[in-house]
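Just so you know, the protein sequences line up as chains A and W, in that order. Just so you know, we're using the numbering used here here: the first sequence kicks off at 1 and counts up by one. Just so you know, we're using the numbering used here here: the second sequence kicks off at 1 and counts up by one.
Heads up, some of the hints might be wrong.
[As the list claims (entries may be wrong)] Computed cross-link-like contacts, BS3-like style, restricted to lysine-lysine with a CA-CA straight-line distance of at most 27 Å:
1. 120/A <-> 187/W
2. 187/W <-> 187/A
3. 208/A <-> 208/W
4. 187/A <-> 120/W
If you're looking for bench data, these hints aren't it; they were derived computationally from the structure.
Next come the chains, spelled out residue by residue.
There are 2 protein chains.
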Amino acid sequence: MQPELKNLCIHTITTKPWAIEESAEYFARAGVGGITVWRQALEGRNITRTGEQLRNHGLSVVSLCRGGFFPSTSLRQRQLNIDDNLLALDEAAALGAPLIVLVCGADPGQSLEVSRDQIKAGIEAVLPRAEELGIKLAIEPLHPMYADTRSAVNTLSQANDMAEAINSPHVGVAVDVYHLWWDPTLKQEIERCGQHGNLFAFHICDWKFPLDDILNDRGLMGEGAIDVPQIRQWVEAAGFSGFNEVEIFSNRYWAMDQHEFLSKIIKAYRENS
Amino acid sequence: MQPELKNLCIHTITTKPWAIEESAEYFARAGVGGITVWRQALEGRNITRTGEQLRNHGLSVVSLCRGGFFPSTSLRQRQLNIDDNLLALDEAAALGAPLIVLVCGADPGQSLEVSRDQIKAGIEAVLPRAEELGIKLAIEPLHPMYADTRSAVNTLSQANDMAEAINSPHVGVAVDVYHLWWDPTLKQEIERCGQHGNLFAFHICDWKFPLDDILNDRGLMGEGAIDVPQIRQWVEAAGFSGFNEVEIFSNRYWAMDQHEFLSKIIKAYRENS
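Just need the whole structure built from these sequences, with the hints factored in.
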């Protein structure tokens, strides 16, 4: 079934050349239903007012990106990381975002196992404040090519394990097709995630080949190797009815006229998601 | 325990600027025990004679790289791929290489599952000839970032599954730390691989960060995020007593004087493997 435009959410970083006020205006005008806000888009702004502006455009504020980056070989740095996540929670509350996406972090100076233990401890340290504010936290497993410094959680299985171990209605998982499409256990882990009520967010884009840049060469849906409609079907079969969030980092698309890019996003969403 | 120089093997592609005759002479002079030959290094040469030259230097010919690339949406292309693997078997026989490493391939025009079925069928198609020649085939799982076009086998678990399903003493697995270091099931899958007698090869290098190039920015052992000694210990505990093969693709190192690079390889092997 073709996805509906009102279920489309776009991340502010996807149209990075635009200020958040421009993104909000143009997303809303195009009929896009939601916006996920990256923290750097809020710089120098009154966050509460910005949240009101987004809602006044008729946009749902889907999530705040991003918390996480908990691990470090330094105990002091780990405390600073926790403090920054507490700050992100305050920002999400001011903005009116019901969810923070966690890019969990990794420190190559220690094993991935130790980093994962520190991630779990970090989430548990900020969880009381998240519960108090009524804000959910989504563990986002990142592609194994980011296991060096960005995340020690690299499969949906690991993210599910962690969310189930923490066992709070405020802690779940974000499924991003870019990070997970290759995983032979993806379908079963999506089912498992849904069964535990842990499927909090769904991010889409495509995997281009050849990949020109390990960070900033994501493709539009239909442009690469990922069967996005198949994964969306699994996610919906698992009970997910939230937004389809387009999160694209792309030097190529950022260099393009962003109105043209927005049209391409909507076309790709309608035809290849 | 510090690894021994006689157990060190270097791939011809690691010192790509050298012709195979130069690599053989300089590896042997440095006390390196083995050489793995990439097919392009044999171009324009009498393969039987080249094999003799390598052995005359006292080098063990460890393996031929590489076979594989079986999948395609085109039936005709799949037959051509099988023919090329039969040719590789003849080349390995002429060279005196007891093993061919398989980079299995993937076609983004079809699902990874279908590509894996075609890989299995391709291996089974060439297996009678491999058995006849007494040459083993090692399925090498590749990092998930290569799932688009290079390999639909992206974890050791999948490679073990496939080797066990084919169930021939001539089909096993190559463990490369670069592809597998991030995998939370790595230790148990190495044990499993050893228990089934399927651990045919062990490749080492390191994962640099940030990664400048998705293909050609591998690091020397100790330079990146991988705990090579830990993985070597797992491999040896699983019963592996073969060569530690240094396989580094690196624009940076290829630009360096190769004698200096060879010294660095040996130092990194002694100190960080």
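Right, here's what the structure says about each hint:
1. 120/A <-> 187/W: Satisfied, since the Cα-Cα distance of roughly 22 Å is no more than 27 Å.
2. 187/W <-> 187/A: holds, 24 Å
3. 208/A <-> 208/W: holds, 22 Å
4. 187/A <-> 120/W: It holds: about 22 Å lies between the C-alpha atoms, which stays within 27 Å.
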